[in-house]
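Q: Sequence:
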Amino acid sequence: MSTHDGWQSHDDNVHPGPTAALTPVVVDAKVPPLATPAAPIGRIPVLNLSPVFEGGRWPAKAAVGEVVPIRANVFREGHDAVNATAVLYGPDASVHQRAPMHDIKPGLDVWEGFLQPDGMGDWSFAVEAWSDPYATWLHDARIKFEAGLDQQLMLDEGRLLFERILRDGTDRSPRSQGVLQDALNVANDEHRSLDSRFAALSSATVQQVLRESPLRDLVSTSARYPLRVSRRRALFGAWYEIFPRSEGAWQDEWGNWISGNFHTAQGRLPDIAKMGFDVIYLTPIHPIGTQFRKGKNNSLTSNWGDPGSPYAIGSDQGGHDAIHPDLGTEDDFRSFVNRARELGMEVALDLALQCSPDHPWVREHPQWFKTRADGSIAYAENPPKKYQDIYPLYFDLDPIGLREAILGVVNHWINLGVTCFRVDNPHTKPLDFWEWLLAQVHKEHPEVIFLSEAFTKPEMMQTLAKIGFQQSYTYFTWRNSKQELEEYLAEVSGEEGSNMRPSFWPTTHDILPPYLQHGGVAGFGVRAILAAMGSPTWGIYTGYELIENVPRPGVEEQVDNEKYEYKSRNWEHADAVGVRWLLTRLNEIRREHPALQQLRDLTLHQAENDNIIVFSKRIPKEDLALAADPSLPVRDPNHDDVILVVVNLDPWGKQESWLHLNMEALGFSGGAAGGHFMVQDLLTGETFDWTAHPFVSFDPRHRVAHILQVTPA
4 MSTHDGWQSH DDNVHPGPTA ALTPVVVDAK VPPLATPAAP IGRIPVLNLS
54 PVFEGGRWPA KAAVGEVVPI RANVFREGHD AVNATAVLYG PDASVHQRAP
104 MHDIKPGLDV WEGFLQPDGM GDWSFAVEAW SDPYATWLHD ARIKFEAGLD
154 QQLMLDEGRL LFERILRDGT DRSPRSQGVL QDALNVANDE HRSLDSRFAA
204 LSSATVQQVL RESPLRDLVS TSARYPLRVS RRRALFGAWY EIFPRSEGAW
254 QDEWGNWISG NFHTAQGRLP DIAKMGFDVI YLTPIHPIGT QFRKGKNNSL
304 TSNWGDPGSP YAIGSDQGGH DAIHPDLGTE DDFRSFVNRA RELGMEVALD
354 LALQCSPDHP WVREHPQWFK TRADGSIAYA ENPPKKYQDI YPLYFDLDPI
404 GLREAILGVV NHWINLGVTC FRVDNPHTKP LDFWEWLLAQ VHKEHPEVIF
454 LSEAFTKPEM MQTLAKIGFQ QSYTYFTWRN SKQELEEYLA EVSGEEGSNM
504 RPSFWPTTHD ILPPYLQHGG VAGFGVRAIL AAMGSPTWGI YTGYELIENV
554 PRPGVEEQVD NEKYEYKSRN WEHADAVGVR WLLTRLNEIR REHPALQQLR
604 DLTLHQAEND NIIVFSKRIP KEDLALAADP SLPVRDPNHD DVILVVVNLD
654 PWGKQESWLH LNMEALGFSG GAAGGHFMVQ DLLTGETFDW TAHPFVSFDP
704 RHRVAHILQV TPA
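Numbering (our numbering), first residue to last: 4 to 716.
Note that these hints are calculated values from the structure, not bench results.
Even for Gly, the Cβ is constructed at its ideal location relative to N, Cα and C.
You may find that some hints are simply not true.
[As the list claims (entries may be wrong)] Cβ-Cβ distance ranges computed for the label pairs, FRET-style:
#: 1; residue 1: Ala-96; residue 2: Leu-221; range: 19 to 27 Å
#: 2; residue 1: Asn-641; residue 2: Leu-221; range: 52 to 60 Å
#: 3; residue 1: Gly-308; residue 2: Ser-53; range: 50 to 58 Å
#: 4; residue 1: Gly-59; residue 2: Asp-185; range: 39 to 47 Å
#: 5; residue 1: Gly-258; residue 2: Asp-435; range: 43 to 51 Å
#: 6; residue 1: Arg-46; residue 2: Gln-486; range: 44 to 52 Å
#: 7; residue 1: Arg-167; residue 2: Pro-36; range: 53 to 61 Å
#: 8; residue 1: Arg-167; residue 2: Asp-198; range: 18 to 26 Å
#: 9; residue 1: Gln-486; residue 2: Ser-379; range: 46 to 54 Å
#: 10; residue 1: Gly-523; residue 2: Asn-665; range: 17 to 25 Å
#: 11; residue 1: Asp-578; residue 2: Glu-345; range: 21 to 29 Å
[What the hints assert, rightly or not] No more than 25 Å apart at the CA atoms, straight line, and that leaves these computed lysine-lysine pairs for BS3-like:
#: 12; residue 1: Lys-299; residue 2: Lys-389
#: 13; residue 1: Lys-277; residue 2: Lys-460
#: 14; residue 1: Lys-277; residue 2: Lys-485
#: 15; residue 1: Lys-446; residue 2: Lys-469
#: 16; residue 1: Lys-299; residue 2: Lys-485
#: 17; residue 1: Lys-469; residue 2: Lys-389
#: 18; residue 1: Lys-485; residue 2: Lys-460
Model the full assembly from the supplied sequences, consistent with the hints where possible.
A: What follows is the structure, given as structure tokens:
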């Protein structure tokens, strides 16, 4: 892994070697058409809508039950008040929901509202802007009444306005109409004072009714923009990665390894499910090539019995649509998938689009590979590293044939029960290929989820997300300091959350960051808590619960990497020396709290100590019905779901701090700055009486974090 201006380029981001001798397909460059002219500006302008990508070329992302923030600039000439409504259209283009918007940046005309789709499909949204005659009158009347000017005139204008509002109230409930009629009756009573008559038309109850069912003038509607709504797993889930061949692998009396298989791997599924994981992710399960097979620790020389890297895909036993014979048959794979489903999990498969020199495609389709001047095929390189056991696919000579073959591979595994794909290094393949492939799969299998493993430049990562990847690996693995974490949490949970859905992984089978090499058990706990609480989707590589933290010298990778050998683990130690109990509890907490199943509900709070980070997640009670997965328990459906996370980032030293909490973000109206409230630590069961400025102390030998359920007032 190397670092370039804040982004990471991973060692496995391989590319072909020297220039090919064959000539790529050449497509004539035609003069592109002019962009379609925008619609004329509305009477009330609506500009800069979000989430919108490339003018609506690609849909923004949402999941069933997700609370989706919609923003736009809304303003008009003069001083009359404006208002706005976010509108959600179903897949049939009918209006499904209208939600009020609020000016969140007064003076900058930024309006925000929240929509909440309740089903999968290709939805859309728009913003309606309108002149608000009641707000305009109320603003002007207050000024005049406070100054004692034109009071009778302002009252008369208000009475006329209310007569119009009542005539226009066909969509208003009888109760709301009654509230407005009562207010007008008081305003018409000349025996009352002008102040009391004005107070009737400006009461909080009247304002609430007119917020819910306003009088709207000069309604101007924006264009509709696409919103693709996926199933809940696209947003929320816990992944657990395994090498199937290691699960149940053993050594005979002569020290020879006997591979695990789908049957023995099934034996671990109950333990993984018991820890609360939703997705069991399998590294490649295909036949492995023998030419240039890598040995232990990526050695160029393999010994007899070395299994080779499962990413060197293909042999005379088959390619990407085949199963390594040591693992079993298709029937064995189906049995594994079915057992996972019985335990409440689904199966994800690694989609690594590269071939060993022995792959059938090398013989049958040489045009799918880059050829050197001497006639040899270019193997993968990431100088100074060389991957002689891998041939990258080359899309420039026969893009149609190659993409159709890959679609066939994907459909093959979908037909065998795979519902998620973790895609290896998608940024080394053409973006137009991914746009096509993901669209084809979505058309027939909209439930299938693709996770992008692209540790590369931000623009490439974001574009992969825009063109269809439902989830993305992130830079979380390398964000360690408080400033780095705060900036990154704000970024991924902000507007970017409509595009690049983050999946937080403390480690992978390729990456062991320095923090975990040196952080001990507490460090593994810290990173697990940050990942599980900071993102609705997170994952671990098997062995994390055993604190596997020894690197291969000179690289951020585990020594004796499982990519090149079998690994047998003693799971009996996972509780005594590891963090299995913590992983289990984290997943329980996530399942019980819908706030942790959302992405864009995160607020950062202040801690005076730079080793302590504080953030909260909150779902208002009125959104819980849709936000909560109906298959999961919800602790308290009658109150806002509010979780406050406080973490000591120092795995070795005791750290203390005063905290300064944003009380409104925790659901306390008016800030409740001086009030007390109760919190319960969901890791230990302890309860505390807190204020907006509590003091915390963490000794990492005993505690690295609070995960607190806040009881709103």
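Q: Please list, smallest to largest, the hint numbers that this structure does not respect.
A: The structure conflicts with hints 2, 7, 10, 13, 14, 16, 17, although it agrees with all the remaining ones.
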